[in-house]
Amino acid sequence: MREVRVRYTGAQLMNTEFKELFAICEKMTLMGNIWRDKEAGFLRQAYEIKMIQGHELDELNDIPWLVVEEILSVREERGQPIHTAICQNYHGLSLIGEAINSAVVIPDSFIGRTETLIIIRGSPKGCKQMVEGFRQFKEPVSISVVDSTPSEEDYLTKGLTEQKIKAFEAAWKLGYYENPRQISPKEIAASIDISRVTLSGHLRNIESHLAALLASQLDL
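Heads up, the sequence shown is in my numbering, so the first residue is 1 and it goes up one at a time.
By construction, these hints were calculated from the structure, which means they are not laboratory data. It is possible that some hints are incorrect.
As the list claims (entries may be wrong) - Quick list of simulated restraints, FRET-style, between CB atoms:
no. : residue 1 : residue 2 : range
1   : Thr114    : Thr198    : 44 to 54 Å
2   : Lys186    : Leu210    : 46 to 56 Å
3   : Arg75     : Asp193    : 29 to 39 Å
4   : Asn15     : Lys166    : 17 to 27 Å
5   : Ser142    : Asp193    : 43 to 53 Å
6   : Asp193    : Ala23     : 23 to 33 Å
7   : Leu220    : Ala23     : 41 to 51 Å
8   : Ala23     : Gln163    : 45 to 55 Å
9   : Lys166    : Met1      : 47 to 57 Å
10  : Ala211    : Glu98     : 46 to 56 Å
11  : Leu218    : Thr114    : 18 to 28 Å
12  : Ser184    : Arg75     : 23 to 33 Å
13  : Gln163    : Leu218    : 26 to 36 Å
The C-beta atom is built at its ideal place from N, Cα and C for all residues, glycine as well.
All chains, please: the whole structure from these sequences, using the hints.
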């Protein structure tokens, strides 16, 4: 497992399509990736958003590649509201990971007026592919590489049995999470020689586990 940190300065991105965002928003911090809709071409993500004083959150909907879908919570920081919201991200950079299964942009990545940090975690090959995608967009000011500790590797799978992980892998590879109508739970269960009831239980457990992790990130 590898972690790569890609940094851009605010000035670098000010001359790109992010200029519209920086005119109204101070910082967007990634809280979690929820769902990729390949047909509609967006990535559903949870963000912590700090607007520039005097600007409202719904102004983000005027940006062509961003839609605020739902506000989860609002807190104050030094008198300024900080929103946690679910957004649809249509930006081309969100599509970089579409064909890369072994690396992902993880929470605590952020885009801001003064600095942008993209944290990528995954296999060395997957991280390299994703970094190349960002470099094609614009050469970063810095790229740093670190190896993850075992505890970081186990963050998502800790507490899950091998059988549950196997069930999730089968459902994912057979396209169940991209289009649930494409394949039935019964067919997925048959592919790994378990009952439909057992498969459904495993997938519910996986989803509850991931929901709990996201709730923890959102301090719910």
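Comparing the hints with the structure gives:
Hint check: Thr114 to Thr198, Cβ distance near 51 Å, so the stated range 44 to 54 Å holds. Checked against the hint of 46 to 56 Å, the pair Lys186 and Leu210 fails, with Cβ atoms roughly 23 Å apart. Between Arg75 and Asp193 the CB atoms are about 48 Å apart, so this pair departs from the stated range of 29 to 39 Å. For the hinted restraint 17 to 27 Å between Asn15 and Lys166, the CB-CB distance of approximately 47 Å leaves it violated.
Judged by the Cβ atoms, the range 43 to 53 Å given for Ser142 and Asp193 holds: they are separated by roughly 48 Å. A hinted range of 23 to 33 Å is violated for the C-beta pair Asp193 and Ala23, which are about 56 Å apart. The given range of 41 to 51 Å is broken by Leu220 and Ala23, whose C-beta atoms sit roughly 31 Å from each other. Checked against the hint of 45 to 55 Å, the pair Ala23 and Gln163 passes, with Cβ atoms roughly 50 Å apart.
Between Lys166 and Met1 the Cβ separation comes to about 20 Å, which falls outside the hinted range of 47 to 57 Å. Our hint of 46 to 56 Å for Ala211 and Glu98 is violated, since their Cβ atoms are close to 24 Å apart. Distance hint check for Leu218 and Thr114: the Cβ-Cβ separation is about 24 Å, which falls inside the suggested range of 18 to 28 Å. Take Ser184 and Arg75: their Cβ atoms lie about 42 Å apart, and the range 23 to 33 Å is violated.
In this structure the supplied range 26 to 36 Å holds for Gln163 paired with Leu218, their Cβ-Cβ distance being about 29 Å.
Violation of the numbered hints given earlier is confined to hints 2, 3, 4, 6, 7, 9, 10 and 12; the remaining hints are satisfied by the structure.
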